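Dock chain one against chain two, each of which comes alone in its own frame, and use the hints as you go.
Protein chains in written order, with the numbering used here: chain A, 1 to 78; chain B, 79 to 291.
One or more of the hints may lead you astray.
One-sided excerpt, in silico: chain A residues whose CB lies under 7 Å from chain B [to be verified]: (1) 16; (2) 17; (3) 47; (4) 48; (5) 51; (6) 52; (7) 55; (8) 61; (9) 63; (10) 64; (11) 68; (12) 71; (13) 74; (14) 78.
No lab work stands behind these hints, which were simulated from the structure alone.
The model shown is predicted, which means the values in this text are computed figures rather than measured ones.
From the three backbone atoms N, C-alpha and C, an ideal C-beta is built for every residue, glycine too.
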Amino acid sequence: MTVIEISCLEVWREISNFLDGEVDAELRSRMETHFKGCAHCRAILDGTRNVVKLIGDGVEYQVPEEFSKRLHAKIKDK
Amino acid sequence: MGTTKLSLDNEVELIQRVCAGDKEAFYALVEPCERGVFTAAMSILNNVADAEEVAQEAVLKAFSALPRFRGEARFSTWLIQITINEARLKLRKDRRHLYESIDEPRTDDTGDAFPKDFADWREIPSEELQRKQLREALQRALQSLPQKYREVLILRDIQHLSIQETAQVLGITVASVKTRLLRARFHMRDALAPGIDGSWSNGKVEYEKVRPW
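This is chain B alone, in the form it adopts within the complex (with noise of 0.2 Å):
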């Protein structure tokens, strides 16, 4: 994530030194997280102006809680819980004024998560091209999935998380990360699969016309 991430012993002395006063601190804890931070919040938000507002809430919210932070879980994990929760609030403040069917479509997590895409896919894009126009297309892909599969998908396979760590920030099951992360992935495939022949060519026309690319 860019940044080297804090070891545990620096993190109990940071969170100490906080605690007695020192602000300076609070920095150098926070610091690792910043980018983590700004994701979470995006995952939920999908807006840079809303996800920064809600990134320094959590911030500040941590920094007036963190005297009562008993350590169950790495700083960075909490503080990445404390911006899920702003987000969804912010999310549900937001759309109290709105019409329902403004609303997240209903999604279902029973019965079977079926890939509907049978294109052989072993070869990653590798030229720059195409890696630019990859780029782009899983911004999009990322955004055109339901927010909870979009929030489990972006903490496991971006942020990195465990499932366990997952389960925790989100505040749901293990079973229910697992199931989630599944029908994000196939979506996420079905929404970036090459052509029916494994071919990621941008030059062929008639892919163009299905493909994100």
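So that you can see chain A by itself, here it is in the shape it has in the complex (with noise of 0.2 Å):
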């Protein structure tokens, strides 16, 4: 199978949807091929990849205290 060209432009544009499984099987292939050989298109890659995966982790919206608690109340007046 002959993998046609892709440019860094399209890829940026499909990198989120690469990451998310979003992209048919001759894109992805074309977009892997590119990965290979282009360094920057990597290195973008990889930290868009680290960026879901450290908000994934790390992000945590502290729940303020009593808040469960507080909420039950209202559900109980209500």
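Spelled out as structure tokens, the structure:
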């Protein structure tokens, strides 16, 4: 199968979809070929993947103390 | 998210019990969603007191509306959708009295998104000190995101909703979710990328001027 080349700009446009598994097989294979030959895009892919992982692991809003208790009291009064 | 998700069977049973007048069952239904509801409110309001108020209103609204819940979505998704709507209403109400300049700058989804930082970034920092600084940097970066990008990022990457669910609770198209997600992730990456040599070191003064830590 011949893999048609893809530009950096096109790769950036789809990088987030690539990480989410939202690109079709053909585009995925074109992007993978591009990543092999392009250090810039590889760095952007790695960085964006890390961001998604860090956000998933590391960002948590601290729920205020006794939030649950106050909420239950509100429901009880309803 | 800390609390175990209810199975669909459990959920259906609890909803039936609430509709039959069992208030205790409503606590059990809401409890696994509490963090998610608060986080969804925070994603829009960016203020703890406001987010708690809206979370309470949304839960009470869900309680009253439960007999009309048709189960097209999971209860948790439906509750988050109500929360998002309540939070938007509050934001609009609070801003009505403010000058226009306080409003979000208009952001446009058209045109291409460019990553600004080309630093190689393969490693994730693991040391405790860096972790703490990283968490703070993440919070700051998140707060600096325009609201519509923050909403999508929080629902998708923190609450782990699917792209379809994210579109549903925000009332936007799947294509918009994808576009906004790309922009949000690039923004976060630019805000958090390590030094140009790929180092996460916080001991290097020259990085501290331009990096979050």
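Hint by hint, here is what the structure shows:
1. 16: Nearest chain B Cβ about 4 Å off; hint holds.
2. 17: holds (6 Å)
3. 47: holds (4 Å)
4. 48: Hint holds; residue 48(A) Cβ to chain B Cβ min 5 Å, cut 7 Å.
5. 51: holds (5 Å)
6. 52: Since the shortest Cβ distance to chain B is 6 Å, the answer is holds.
7. 55: holds (5 Å)
8. 61: Hint on residue 61(A): holds, closest Cβ of chain B at ~5 Å, below 7 Å.
9. 63: holds (5 Å)
10. 64: Holds, about 6 Å.
11. 68: Nearest chain B Cβ about 6 Å off; hint holds.
12. 71: holds (6 Å)
13. 74: Holds - the Cβ of residue 74(A) comes within 7 Å of chain B, reaching about 5 Å at its closest.
14. 78: For residue 78(A), the interface hint holds, since the closest Cβ of chain B sits about 6 Å away, which is under 7 Å.
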